[in-house]
Structures are given as C-alpha cells and as structure tokens.
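> Residues per chain are reported as follows:
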Amino acid sequence: MFLAAIIAILVAMALALVRAFIGPTLYDRILAVNMFGTKTVLFIAILGYLMGRPDFLDVALVYALINFIAIIGVLRFFEYKKADPEEEVK
Amino acid sequence: MSFFIDGLSWALLIIGGFICFSGAIGIHRFPEFFSRMHAASVTDTLGSGLILIGLMLQTGGEVIVLVKLILILLFILITSPTASHALAKAALHGGLRPMQGSHKNDKEDVLNKFGRQNTSDDEQ
Amino acid sequence: MTALSLAFTKDLFASVMLTGIYSLLSAGFFVLMDAVDVAFTEAAVGAGISTILMLTTLTMTGRFENRKLHHPKIALSVVIVTGIMLVMGTVDMPAFGSPSAPAQTHVAPYYIQQSAQDIDIPNIVTSVLASYRGFDTFGEVVVVFTAVIGVLALLEFARVERADSEKPVPMLQHKILRIVSKILIPPIMLFALYVQFHGEYSPGGGFQAGVIFASSIILYAMLFGIEQTRKAVSVPVVKVLSALGVLIYGSVGIASMLNGGTYLNYSVLAENDVTGQHIGIIVIELGVGITVATAMILIFLTFARRIGKTEEETA
Amino acid sequence: MKKKTNLRYIISLIVVLSLIWIGNSGFFNGLLLSLGAVSVAFVVFMAFRLNILDEESQPLQVSRRIIVYWLWLLKALVESNLSVIKRIWKGPKSLDPVVARLPMSQETDMGKTIYANSITLTPGTTTLDIEGDTMIVYALSYDAIEYLQGGDMDRRVKRLEE
Numbered sequence: 001m002f003l004a005a006i007i008a009i010l011v012a013m014a015l016a017l018v019r020a021f022i023g024p025t026l027y028d029r030i031l032a033v034n035m036f037g038t039k040t041v042l043f044i045a046i047l048g049y050l051m052g053r054p055d056f057l058d059v060a061l062v063y064a065l066i067n068f069i070a071i072i073g074v075l076r077f078f079e080y081k082k083a084d085p086e087e088e089v090k
Numbered sequence: 001m002s003f004f005i006d007g008l009s010w011a012l013l014i015i016g017g018f019i020c021f022s023g024a025i026g027i028h029r030f031p032e033f034f035s036r037m038h039a040a041s042v043t044d045t046l047g048s049g050l051i052l053i054g055l056m057l058q059t060g061g062e063v064i065v066l067v068k069l070i071l072i073l074l075f076i077l078i079t080s081p082t083a084s085h086a087l088a089k090a091a092l093h094g095g096l097r098p099m100q101g102s103h104k105n106d107k108e109d110v111l112n113k114f115g116r117q118n119t120s121d122d123e124q
Numbered sequence: 001m002t003a004l005s006l007a008f009t010k011d012l013f014a015s016v017m018l019t020g021i022y023s024l025l026s027a028g029f030f031v032l033m034d035a036v037d038v039a040f041t042e043a044a045v046g047a048g049i050s051t052i053l054m055l056t057t058l059t060m061t062g063r064f065e066n067r068k069l070h071h072p073k074i075a076l077s078v079v080i081v082t083g084i085m086l087v088m089g090t091v092d093m094p095a096f097g098s099p100s101a102p103a104q105t106h107v108a109p110y111y112i113q114q115s116a117q118d119i120d121i122p123n124i125v126t127s128v129l130a131s132y133r134g135f136d137t138f139g140e141v142v143v144v145f146t147a148v149i150g151v152l153a154l155l156e157f158a159r160v161e162r163a164d165s166e167k168p169v170p171m172l173q174h175k176i177l178r179i180v181s182k183i184l185i186p187p188i189m190l191f192a193l194y195v196q197f198h199g200e201y202s203p204g205g206g207f208q209a210g211v212i213f214a215s216s217i218i219l220y221a222m223l224f225g226i227e228q229t230r231k232a233v234s235v236p237v238v239k240v241l242s243a244l245g246v247l248i249y250g251s252v253g254i255a256s257m258l259n260g261g262t263y264l265n266y267s268v269l270a271e272n273d274v275t276g277q278h279i280g281i282i283v284i285e286l287g288v289g290i291t292v293a294t295a296m297i298l299i300f301l302t303f304a305r306r307i308g309k310t311e312e313e314t315a
Numbered sequence: 001m002k003k004k005t006n007l008r009y010i011i012s013l014i015v016v017l018s019l020i021w022i023g024n025s026g027f028f029n030g031l032l033l034s035l036g037a038v039s040v041a042f043v044v045f046m047a048f049r050l051n052i053l054d055e056e057s058q059p060l061q062v063s064r065r066i067i068v069y070w071l072w073l074l075k076a077l078v079e080s081n082l083s084v085i086k087r088i089w090k091g092p093k094s095l096d097p098v099v100a101r102l103p104m105s106q107e108t109d110m111g112k113t114i115y116a117n118s119i120t121l122t123p124g125t126t127t128l129d130i131e132g133d134t135m136i137v138y139a140l141s142y143d144a145i146e147y148l149q150g151g152d153m154d155r156r157v158k159r160l161e162e
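Residue numbers (the working numbering), protein chains in the order written: chain L, 1 to 90; chain F, 1 to 124; chain Z, 1 to 315; chain D, 1 to 162.
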C-alpha cells in the first residue's frame, strides 16, 4: 500500500517535472519546482517507512525547510533581475 | 483495533496519493499560471496532509517518528500558502495577469496598479 | 535526463531552477540507495544553498555581461574536453554497485565491521568520516575555509567603499513573508543544531548542520536586508569563528598527540577508547559545522552586498 | 533594538524550542540534554541578536484559540479541496476565475497574515496582495468569493486576535 502511494507521488513528480520544463512562464517553473519539492518530502517520508528507516524523516524535514527557503530566495533575487520580457508575456 | 487503524491508514494513503496525482494533472489541465497555482495547492494541503496522517497511524507507538511527522505537516501547512502567496505577488508584479471569467468586474480594475513599476521597459 | 535538458535550456534562470530539481532528484536516488547522509547533503546544499548562490551570481554576472566579450568557442571546448575526460575516467571504474569494486572489497567491510566495536556509533557514515578518514575530512574543512578566503579576497577588498545607503528592502513590506519567517527562523536554527549534535545517531552532521544554519541566516538576510544582517551577526565575529572552526578541528588532533596518540586518533582522549572516540567526533563535527556555517554566511553576505553596490552604480 | 524585548516572548521561545529538541532527539542522556540546553540558549541568543523576538514571532495572544480555529479550517480545507479536485477532472471549462477586493477586519499584521494564509491554504482561493485593510483575492469560481464575502472566516480570525 505504501507502494501505491509512492507510485502516485512519483507520477505527480514526473508531471511537475514536465511542467517545469515546458514553462511557459518563469512562475510556472517556480511553481512546479515548489510542488516537486513537496512531493519529494512525501516521497522520502514514505520511503523511510518502506525501508524501515525512520531516520529518513530528518532528511524529509530538511527538505521542507530548504525548499521553502530556496523558493523565497529565488523570488527575492528574481526581483533584482529584470525579467526576460519574451518569456513573460506569453 | 489494529486492523481498523491499518485499514484507515491504507485508505488515507491511497486517497492522499490520488489527490497528489489529481493536483499534478491539474497543473497540466488548467489554462494559465494562476489557476495552476490552485491545483498545486491541492496537493500541498490535502494530499500531503492525508499521506502524512496515514503515515502517523503506522508509527506503532514510536513517539519520535510521530513528532517528526507532525513537524513536517505543520511546516508544510505554514510554508506552502506563504510560498504560493509570494509567488502570486511576484507574478503580478512581473506583469502576469490572471484570466478572468464571466464575473469580471469592469468598473473597478483592481489589478491595474500592479505591473513593472520599477522597471523602465514597460511595453505591454 | 534532467542534466541533459539542463544543457539545452537557454534561459539561465530556468536552468538554475532545473539544477534545483536535479539535485532534488539525485537526492531521491541517494535515499533509494540507502546513502542517507549523501542525500542529506544533497538536499541541503544542492537544492537550497547552491540555487541561491547561483542566482546571486547570476544577478551579478547579468550586469557585467553586456560589457564583456564572450568566448563561447573556448568555453565550449573546455567543457567538451572535461566531459571527454570524465567519460574516459568512468570507463575504468567498476560497474556500478558491483561487489568486486575496490571500495567494496577492501575498506568498506572493514569500516562496517570495525565501526561498531571501535566507536560504538549507530551512524556508520559519521564514524567513517570523522574517525577513520579524519585526515580527509580535515582537508575538506580546510578547503572550505580557503574558498571563503578566496571569495573574500576577490570581492571584499575590491569593493568600492562608499557610504552604506541601503535601498529599501522590498520584502520587508511583505507582511506575510515577514511574519512567517520570523516564526520559522528560530526553529530552523534549532533544527540545524539538532542535526549538528545528533550526527552520530541519525543522518547528518557538521556539514549539513552548517548549511542549514547558514540558510536560516540567509532567509533573514533576504527579508531584512544585507546590511542589517551584517550588523546583527557582526561579520568580524563570523570571520573569526570560521577560522576557529578549523582551529578546533586541528587542535583536537594536537590534543590527541599530546595524550600520546597519533594525530587525530581520538581514542587517547579519554581513558576509555570508545568515550575518547565519542568526544573526538563531537568536537570535530562542531568544528566542521562552525566552519561551514560561517563560510556560507560570509560568502552569501559578500556576494549579495556586491549586488547591492553594482545596482547603485548602474542606477 | 528599540523594542523592549519582553520576557514572555523569551520564555515562550525557550519552551517551543525545548519541545522541538526533545521531540526530535529522543535521547535522554546527560550529554545530549545538556547539548540541547546549550543549543536552545544559543538560538535564543541569536534570535535576540536578529531582533526577531516579539509578538510577531511568538504569537502568544493567538495560541489558545488557534486549535478550535484549525479544526474549523480543516473542514473548510477538505470542502474546498474536493471542489477543486472536481474542477480538475472536469477540465478547464468548469473554471470561472474572478479577482475581487475584499475587506479585512483584523487589526494586527499577525491577524491579517493568518487570514490571508488561510485563504491561500484553501485551494480555489489565493491572496494576491494585502493593501491596508483590504486584500485582493483570486478565486477559481464566483462561489468561493461569495463565501468569503459572507465573512465567516474573517470573523473567526478576528476572534483570534482578542
């Protein structure tokens, strides 16, 4: 049953990845990365159970922390950088 | 009793997995960025919530594991809306406009003051 | 696969984002292969810090690009040559995960078997890194330290001195972000310290802890501005601390020599071998953590400040 | 450091951090407990240096009622999730997005943050920006906006502030 959940999450991760590649806007990509990060947290947490290693949860927690900080960082520095107009208007 | 808890936890895991999957479908089916954001928040909130609660039921009395799962859940529930809000705001300032449906309020365009005020090239 | 599309994406920003995904992915693989510590590092460093640092660099170089001449051919050939060399290198390597690989036959069984009785620490990776491979890890810490000195030498001293007139920080007006970050920063710091001191029992250790701690400071800096952060954490103190981290590591080695052992042999630090190893590892991890955290903070603050300066100049 | 750091916030931070440490560590030998104490002390010191010890980082005034609020929010969360999932499977034609400006009655930034985050947390509605006493909300459908205009959530968050 863990397996079923893991497969669902993997599929969701793959779909998010596709969204990150095709864009079309920058924000779509950031959104996809954020979602991918959340999925990874879940993935690692379930994997910890599947393999009987609850210490994986530490990794998951770090992931959640870092994911948030990375997204904020991306947005912060994006404000400095002028957006590429072509990519945006689409 | 343990059978009942197991069943509940399996159900939560499967429903959670399905919701995550739906959210992922959503970010492909929805037409533009702002609506995709809602799809993403589906997986962030209910999807991860159900999966993590499902895992919590499986801890088998290990308090540490339980506490860590709760911390992860709390953390996701606090950061996910914050991140999406920041993202939406940044997108608005970046010049992206949400698509509006039949209830568009023509009298007051609440969004017109957004945009690239602090940039010089605003040819839109 | 991610790496491939990475190479083809023209948009620099998009490629930075994809790097983030790439490290998330590889971390997933590491977890699958049961290399939790590596995954931990990848999670903390790859997904978080490196993304932010790369973006910082991007904003910097973005400003200079117009003036600079590009030599894409040279760059390309360098990349190709390196790539070919890497591929040639991997040809010699044993098949992935094959049990006859040298790493698996010689040292690994020894470490795994001996670790339990010599050091008595559940997390094998920590004991291997800090104890059997004490020298290597020491070398890595010194490398990190040297990197900081390099960055500081390049950026700090070349900086144009002018009055610190900081622009209003855009994110401080961001109510939600401000409040949520204020709530989150102390727990993140505590979690970093938890990772720091539980390196023996669960995945993680000084390096990861340092990165997490630094990222909490970076989060603060992103919201409250570089100058205020520089004041609050007081950069001179941070600089001293980063040297101190290396010193702590080194002096543990010397202490063990004074007690009659070889360099970095912690068994002699206490009457009991195992206790000695414990003490040695905790102190050394602390050294690593301090150095890494301060190194990251310094690099970030210096880079980010530089951006602020160039913004003013071009404006 | 203009603001006088209130002792209450320090104590609350210490309690929260200690709980996190104990909950995560699970080792109760003297060494790790003392290391924990040192860590908590260090983090409190850092928080003090960074000047983030105030009513915004330790929302004491909110803490007691928040549990009831969360339970209520949970229900709202499930409902809105279901509606969005339905829309996902029905396809983009079921969308009727709308942007609206809504008043918010909260006085403190903390209350506004809770309100805005609750709105974003429930799928189907996203806070785009806060301006003074109003916020701009983007919703997937008009019902969601109507629901928010009803002011139930607004009132509940307002109650948290008292």
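Note that these hints are calculated values from the structure, not bench results.
Backbone N, C-alpha and C define an ideal beta-carbon position, used for all residues, glycine too.
The reader is advised that the hints may include incorrect statements.
Stated by the list, open to error - Chain F regions said to be covered by chain L (calculated; three or more residues, Cβ under 8 Å):
#1 24-34
#2 63-73
Claimed, not checked - Below 20 Å or equal to it, Euclidean Cα-Cα: the simulated EDC-like pairs (lysine to aspartate or glutamate) are:
#3 K86(D) - E146(D)
#4 K90(D) - D6(F)
#5 K93(D) - D54(D)
#6 K175(Z) - D109(D)
Said to hold, decoys possible - Sample of chain L residues facing chain Z (criterion: CB under 10 Å; computed from the structure):
#7 L61
#8 V62
#9 A70
#10 I72
> Give a verdict on every hint.
Each hint tested on the structure:
For a cut-off of 8 Å, the count of residues in the region 24-34 of chain F with a CB near a CB of chain L stands at 5, and the three-residue condition holds. Judged by the Cβ-Cβ criterion of 8 Å, the region 63-73 of chain F is covered by chain L as claimed, because 6 of its residues qualify and three suffice. At most 20 Å may separate the alpha-carbon atoms for a hinted pair to count; K86(D) and E146(D) meet this at roughly 19 Å. Proposed proximity of K90(D) and D6(F) is contradicted: the alpha carbons are some 32 Å apart, above 20 Å.
The suggested pairing of K93(D) with D54(D) is violated, with an alpha-carbon distance near 47 Å, which exceeds 20 Å. Straight-line distance between C-alpha atoms of K175(Z) and D109(D) comes to about 7 Å, which keeps the hinted pair within the 20 Å bound. Among the interface hints, the one on L61(L) holds; its C-beta lies about 7 Å from the nearest C-beta in chain Z, closer than the 10 Å criterion. Checking V62(L) against chain Z: minimum C-beta separation of about 5 Å stays under 10 Å; hint holds.
Look at A70(L): its Cβ gets to within about 5 Å of chain Z, closer than 10 Å, so that hint holds up. The interface hint given for I72(L) holds, since its Cβ lies 6 Å from the closest Cβ of chain Z, which is under the 10 Å cut-off.
Hints 4, 5 from the earlier list are contradicted by this structure; the remaining hints agree with it.
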